Structures are given as C-alpha cells and as structure tokens.
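Asks: On the provided structure of chain B, position chain Z as indicated by the hints.
Here the protein sequences come in this chain order: B and Z.
Going by this note's numbering, the first residue of the first sequence is number 1, and it counts up by one from there.
Going by this note's numbering, the first residue of the second sequence is number 1, and it counts up by one from there.
One thing to keep in mind: the hints can contain errors.
[To be verified] Dumping the calculated DSS-like pairs for lysine-lysine here, alpha-carbon to alpha-carbon at most 25 Å:
id : chain 1 : residue 1 : chain 2 : residue 2
1  : B       : K200      : B       : K292
2  : B       : K292      : Z       : K205
3  : B       : K351      : Z       : K229
4  : B       : K351      : B       : K277
5  : B       : K292      : Z       : K229
6  : B       : K69       : B       : K105
7  : B       : K277      : B       : K292
8  : Z       : K94       : Z       : K205
9  : Z       : K229      : B       : K69
10 : Z       : K205      : Z       : K424
11 : Z       : K203      : Z       : K424
12 : Z       : K205      : B       : K69
13 : Z       : K299      : Z       : K424
14 : Z       : K205      : B       : K351
15 : Z       : K203      : Z       : K299
[What the hints assert, rightly or not] Far from chain B by the CB rule (all over 10 Å, computed), these chain Z residues:
id : residue
16 : E116
17 : F256
18 : L318
[Said to hold, decoys possible] From the structure, some residues in chain B lie toward chain Z, with a derived Cβ separation under 10 Å:
id : residue
19 : L75
20 : I344
21 : I382
No lab work stands behind these hints: they were computed from the structure.
These numbers were taken from a predicted model, which means no experiment stands behind them.
Backbone N, C-alpha and C define an ideal beta-carbon position, used for all residues, glycine too.
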Amino acid sequence: MNKTPFSKIKNATQIFFEELIHPSPSQKSRRGLGGQAVLIPLLAIFTGLVIGAIFIISTSEEVYAGFGKSFAAGLAASWNSVASAYSALFTGSIGDPSTIVAALKSGDSLAIKKAFNPILESLVAANPYIFASLGVALGFRAGVFNIGAEGQLYMGAIFSVFVGYSITGLSPWIHIPLAMGAGALGGAVWGFVPGWLKAKTGGHEVINTIMMNYIAYNLSTWLLSGPMRRPGAYNPITANIQPSAILPNFFGPPTRLHLGIVIALVMAFLVYWLIFKTTWGFELRTVGSNPKAARYAGMNIVLVTIVGMTLSGALAGMGGANEVLGVNYNLALAFSSGYGFDSIALALLGKNNPIGVVLASLLYGTLRNGATNMQVVSGVPIYIVQVLQAIILAFIAAPAIIRTVYRLRAPKEGEETLSVRGWGGA
Amino acid sequence: MATTATIYHRGMLAASPRRQRIMGAAFLLFGVAIWLFFIRTVQNPNEVARYAMTLNYEAETKIPDWIVPVLPAMYICMGISFILGIYQIARGFKRWTNLALGLVVALFIFAFLTRETAGASISLAGIFYLTLSSAVTLTMAALSGIMSERAGVVNIAIEGMMLMGAMTAAFIGSVTHSLWIGLIAGIASGMLMAFIHGVLSIKYKTDQIISGTVINIFATGLTSYISTKFLQTYQYLNEPGVFEPIAIPGLVKIPFFGPIFFNNNICVYIMFVVLIVLQIALYNTRWGLRVRSVGEHPKAADTLGINVIRTRYMAVLLSGAMAGFAGSYFSIGSVGRFDNLMTGGRGFIGLAAMIFGNWNPLGGFGAGMLFGFADALGSKLTILGSDIPTQFLLMAPYIATMIVLAGVVGRTMAPAADGVPYEKE
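Pulled out of the complex, with its shape left as it was, chain B reads as follows (with noise of 0.2 Å):
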C-alpha cells in the first residue's frame, strides 16, 4: 500500500462510508434520531409542495375547463398547471439552466450576471430574514416568543436610514459600522421594553411586543410623513441615504446582491457561538428550556430574560437597516412585507438552531422570488408562498402528522417539543 495522499483521500472515504452503513449500535439509535430531525422538515417541505400543487389545480380554471371536454384533457392541464408554477418558480428563484450555460459560452459579463440574477436576488430576498429570524430564534432559545420582530425591524430601519441619511461627510468605513449599529440599537430598544416588562411585571410578551409592533408602525407612519419626510416630497418616504452609507454591491448592477448577506451569516455565526460555546449562552438555553432548574442552579433569569429580548431585537432592528442599506436606500412606508411576521415561521422551521434558521430562510427567500417570477408566468398569486409556509410549519410543529402520513416510527426518547410559555409569564 502506497501511502500516497490521494489513497489517503480514498481510504478515509471508504471509513466514512463503512462508518455510514454499518454504524456501531450505540450511534444507530443517536443517528436514527436526528435523522427524523432532517427527514421531517425535508418530508414536510415536500408535503407542503404536493398539497400547493392541488391547490394550484383545484384553483385553476383551465383544469375545470379541461376537465369539462374530457377526463383526460382535464389531467393534462392540471399537469400543466402545476408544471408552469412550479417550472417558472424554479427558474425566478435559480435560474433557466440553458439561459446560464448560453450566457457562459458567450462569455458576457453582462449576460452572466443576467443570468446568474435570479439566485443572486433569492439571496438578497432570504437576507432581511436571515437577520429577523435569528433574533426570533434567539429569543426562542432564552423562553420568550418574540412575535414583535417585524415592530423592531421597524425601528431598526427607521434609526439606521436616520444615521444614513444625516450624517456627512464620513467615510464608509465609519459610517456603515454606525448605520448597522442604530438599526441594531432601535431594535434592542423596542426588545428591551417588553424584555424588561416581563422579568419585572410578568406582563406576557407576546402581548407586549404586538402592541409594540403596532406602536411601531404609527411611529414610522408619523415621522415618514412629518419630521423624517425628504424635503420636498409629497408621498411619505425619507431622503436617501448617503452613498457612504450604503452596504457595497457585490458584483455591480443589474445585480443586487450586498454585503448584508456576508453580515448575516456572520452573525448567524456570532449567534451559534453565543448560545453553544459560551456559558453565558448555556445560562440562556437552560432559563428557556427549564426556568425552574435555573432558578435552582443561581442564574438570573430576571437577567438572562432581558439580555435574551434585547438582542433578539437588536438582530431584528439590524434586518430592517440591512434592507434600508442594502436594497431601498430610504425608508418608505410600509416597507416590509411581513418579515417579522414570516421569521417566527422560520425560526420554528430551523428549530431555532442558527445553521437550520439560514438554510428555512434561504428556502423562504428563494421561494418568495422565484413566486414573483411565477405570479407573472403562470398566474398563481405570490401568496401561495405563505400558504405553503403555513402547511409547512404545522408539519414541523406537529410532527406526528408527517409521522403518521410517511408511516415513520415514533421516537423512543423525548424529542424536543416547541413550545412557548403561557400568559401568566410564570
């Protein structure tokens, strides 16, 4: 045997495939396990994809109009339906294969980025959600449901676009560290206050932070069409930001895609570090899975329970100054579309795990725009996103559904259930 590198290569290949089909028993029950973790998002997605595609048919009027000459026509143009849907959903969200391999051959700098477009937007669109439902994942982890997420993206844009806009004369260096910092800070803000009012009155939070998203709302509606109006303007929306405020572009346009994506996954990280490798992170975790051990154990919950919303605002507020950054350049009214709401969805679908809340985003972000491209396509409202987001998630939160449609054996321990605690706060 030959000790060269790539035998080397081989072999450990070969370990991990020997490892892979004959595990020794101790890791087959621990891998049968979080095997089901994988296969019942991935089964749930799949669901949620099948019962969107008879949504699709039961609503089309070609497949009543087919069905209406013949049985057989009728199949053909459901197949059609769901085939144009879920055709042009696919290229607006990754790209026309041929349009890609066309574009490369020509070699076109233009043409590449044309084509290369659609992924790069699904990146821009999974971005502001990225941020959003890490903070609702954080504050999943430390026992409080933020349902306020989309109120602290609002403040977060509404603060960052402030500094953007009024601030001149720095370089960006400074002064995109200082945008992305007053978005983080608005957010945290308008954490801190139902935070602070459930360690100290019990006031419920998922209360809390729906009034504050409302008080948000008028907020922004006030000062985008008073004291925060562009000179000038009749419509509610600011002056745009300096250009030393703006996160860079990647690639140039048409392409869209910033350093927002790059800031998220870092914090995604930051995130992953701070609840798993820390103890500070290990105080949180136990006073939201068991207050009652960590009571016992010294920890101060009052702390942790403050500390927890507040950052999950912040991480929030930072997805509302990412879109102000990155895509808009100034804040107009109702500029989100829901992402607060969508990210507590997302946070529930990666299991509150950093890794599994990029990748739900990812999937989210895809999904919406490539469901542009197919609104315009084939005529199926965008919405269907969030019906098949909905499915989804009641899949993941109630998986002995899934379990009992795919005929999957229950597992012998306790899996970890998602639960919130009720109003009392106690």
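Replies: Only chain Z this time, still in chain B's reference frame:
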C-alpha cells in the same frame, strides 16, 4: 402556572398606600397637563366649541347642538382632576380607584377634544356612531378570545379567522346573492380555521401560540391568494352588498342614544345578543361553570366527569364562529367588499381588549368601546385638521393595554390552565 399572579387581590392592591399616592399624583398630573397643554394654548378666551348631538338632521328627534365655552370647560376639567387627586392622596378611593382613574382620563380627553374643536364644530353623535361600528368587530374578536381561553385554549388566530370570515362572506354572498348565506358561510369558515387550530393544539398538543401563528399565516396567504386570483379579477364575485340598517321602533326615538344604538344593521344587534348570552352563560349556567373549570383546572374537571377534550373543541369552534362573524361584519356588514388584509390587525386589538376586560365578556365590550373610541376620535380629528398627529391617538389603545398588562391598573387574571395542553393520565 399563573397562580403566583392570582394571589394579588384587586382590593388589596388598590389599598396599598404607595399605590394610592402614585395614583393620586397621576390624577394631579392629568390636571397639570390640561393646564399646560390646553388652557395655556387658548388664544381667544371667548371661543366656543360646538358639538353636534344629532346624527341625522332629517330624523324626527333633533336635539340642538351643544355649545361649550372652551376656557371655562377646561378649567372645570382641571379643577375636578385636582380635587379627585387631592382626595385620592389624602383618603384614597379604595376600590373605586379605577373608576376615578377612568373619570380623570375621560375629563382629560374631553378637554383635549374641546381644545381641538375650539372655534369649529364636531359631531359627537358621529364619533359615538363610529365608535360603535368599530367596537362591533373588536368586541366580537374579544368574545371569541374569551370563549376559547376560558376553556384553556389560547387563541391568537382570531386575526386569521376573521380574515377567512371576511373573505368567505364576501365571496359566497356575491355568488349566492344572499347576504344571509354569506354570513353563515363566513361563520362556517371561521369555524373551519378553529377546527384546524383545535386539531393541532388539542389533539396533537402543538403549542397553542405556534398553532395560532400557523392559522394566521395560512389565512393571510389563502385569502390574499383567492382574492388576487378571483375577487379582484372578476368584480361580480366581490359585490355582496351590505346589510341595511334596521330601526327598532320606539327605541330609536330616544334622544341622542336612539339613532346611535337602535338604527344599525342586524350584525350589531347580533353582537349585543351574543355578548349578553355569553356573559350569562359563562357565569350563571352549569355549562359556563364547566367551561371555566376546564380552563382553570382541567384535571379536577376531568375527575368530576367533564369531558375536557370535548369541552375544549366546542369552545374553540364557538370561538371560531364568533371570529368568523366578526370578519363577516367587515365585508358584508360595513364595507361591502373584500380587500386583501382588510382586518388590519383588529384581531390582535380584540385580543388586547380581551385582556383589558379581564377575560370577561362585559369587560371585553367596554374595552372594545374604548379602543373603538380612540379609532373614531382619530378619524374625526383628521377631518378636523388637527395639529396633533392622529398616529399618537391610534397608539393610545396599545400603550394602555401594555400599562394594564404591567399591572399598573390592577392585575388581570388569565384562566389558570390557559395555553396548557391537557394530557389525560
């Protein structure tokens, strides 16, 4: 779970001397605020504010406009606030503290309104009419929440159920050309959503808040999808019309209140009937006792032979029916068509009204009227061209709810087993 919170008794809390003084100081502050913000800003001391007291000038019962001299009225408001504040600090209102607080806030609002109306006129009757019409949905949403939470199932899906109700009522109402069938369909669609909520949270023991979130997202997506695909494309699918107002003979002739309360469409009357029936049923019948026992201590209820699961399903379905009705009122009770996201978060405000009203139907109605009033005031002041941004008025109910929730105005008490899935042992 929430037992630690329930140890606080309302009477005890109100009697604490520190709280008594803080309240008294707050009353005085309101008085100072009236002087600072309203009295000092009056330019013309002889100005009057004109309040129109008649909704419809063709009606038989007309009352003359109420003409209020601005400055004296505000001095009176300030004076009463000061007197109440001093009494509160010296002796304390004891268990009437919240009532006194309500009175002071009302005086403050009246002073504010008078200041805004100075030199112009505003229809007081119109404000109350608008208040009622926006209170209908808020109250029904609150009742929906009360129904399900009294049985121990948290329902934050009211918003979604309302959207489904609104869309279905408009759609079915247009197709069948019958508002009644539309209304029934709207209620049924709310119940369908509630059934899903029930299956997820009762059968599969999913966390009830997550299950509610699922319903909200699902309903938002589904209604927007159908509305975009069909209702906006084909106008005839979205023209259900609205229920016509029915004047109740006799009662409608009561001055001022008659035209406001007794000349409405059938939905408003149904709301009042549901409100009264629910209030009596929950507190004065065997059925109500059972529902509440399931919400407070399901294990004890089960031991006594009450079917917890069935009671919870029934409560959630009834809750869905009420939310579906509230949604139907949006489309076929007032606007006459469905628009995407037309409920605009009223389901959540209804939830706030439920908490504000301490999980009690009449309390929920009171809170609904209060929030509706803020709403109505906001839209009337916009017409008046007030320099106070209406957004701040619209924020008021939310801030008030947070204050109530924080226990400043006395603790609210959620049913003890609210949000806890029941597992039979």
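Asks: Does each hint hold? Answer for all of them.
Replies: Hint check results:
Annotation: proposed proximity of K200(B) to K292(B) holds, straight-line Cα distance about 17 Å (limit 25 Å). Taken as a hint, the K292(B) and K205(Z) pair is honoured in the structure, with Cα atoms around 22 Å apart against an allowance of 25 Å. Taken as a hint, the K351(B) and K229(Z) pair is broken in the structure, with Cα atoms around 33 Å apart against an allowance of 25 Å. The straight-line distance between the Cα atoms of K351(B) and K277(B) is roughly 18 Å, inside the 25 Å bound, and the hint therefore holds.
Under the criterion of a C-alpha separation no larger than 25 Å, the hint pairing K292(B) with K229(Z) is inconsistent with the structure, at around 51 Å. Straight-line distance between C-alpha atoms of K69(B) and K105(B) comes to about 45 Å, which puts the hinted pair past the 25 Å bound. Among the hinted pairs, K277(B) with K292(B) is consistent with the structure: their alpha-carbon atoms are about 22 Å apart, no more than 25 Å. Our distance criterion of 25 Å between C-alpha atoms is broken by K94(Z) and K205(Z), whose separation comes to about 43 Å.
Between K229(Z) and K69(B), the direct Cα distance comes to roughly 23 Å. Compliance with the 25 Å bound is thereby established for this hinted pair. Distance hint between K205(Z) and K424(Z) is fulfilled; the C-alpha atoms sit about 12 Å from each other, no more than 25 Å. A C-alpha spacing of about 12 Å is found between K203(Z) and K424(Z), which places the hinted pair at or below 25 Å, so the restraint holds. Using a Cα cut-off of 25 Å, the hinted pair K205(Z) and K69(B) is violated, with the two alpha carbons roughly 46 Å apart.
Restraint check for K299(Z) and K424(Z): satisfied, since their Cα atoms lie roughly 8 Å apart, inside the 25 Å limit. Taking the CA atoms of K205(Z) and K351(B), the gap is near 17 Å; set against the 25 Å cutoff, the hint holds. Distance check on the hinted pair: K203(Z) and K299(Z) sit about 17 Å apart at the alpha-carbon level, within 25 Å; holds. In this structure E116(Z) is separated from chain B by more than 10 Å, as the shortest Cβ-Cβ distance comes to about 17 Å.
With a cut of 10 Å on Cβ distances, F256(Z) stays outside the contact zone with chain B, its closest approach being about 31 Å. At roughly 20 Å, the least C-beta separation between L318(Z) and chain B is larger than 10 Å, which holds for a residue marked as non-interface. For L75(B), the suggested interface contact is broken, since its CB lies about 21 Å from the closest CB of chain Z, more than 10 Å. The beta carbon of I344(B) is positioned within 10 Å of a beta carbon in chain Z (closest approach about 6 Å), and the interface hint is therefore held.
The criterion of a C-beta within 10 Å of any C-beta in chain Z is met by I382(B), whose closest approach is roughly 8 Å, and the hint holds.
Against the hints set out earlier in the document, violations occur for numbers 3, 5, 6, 8, 12, 19.
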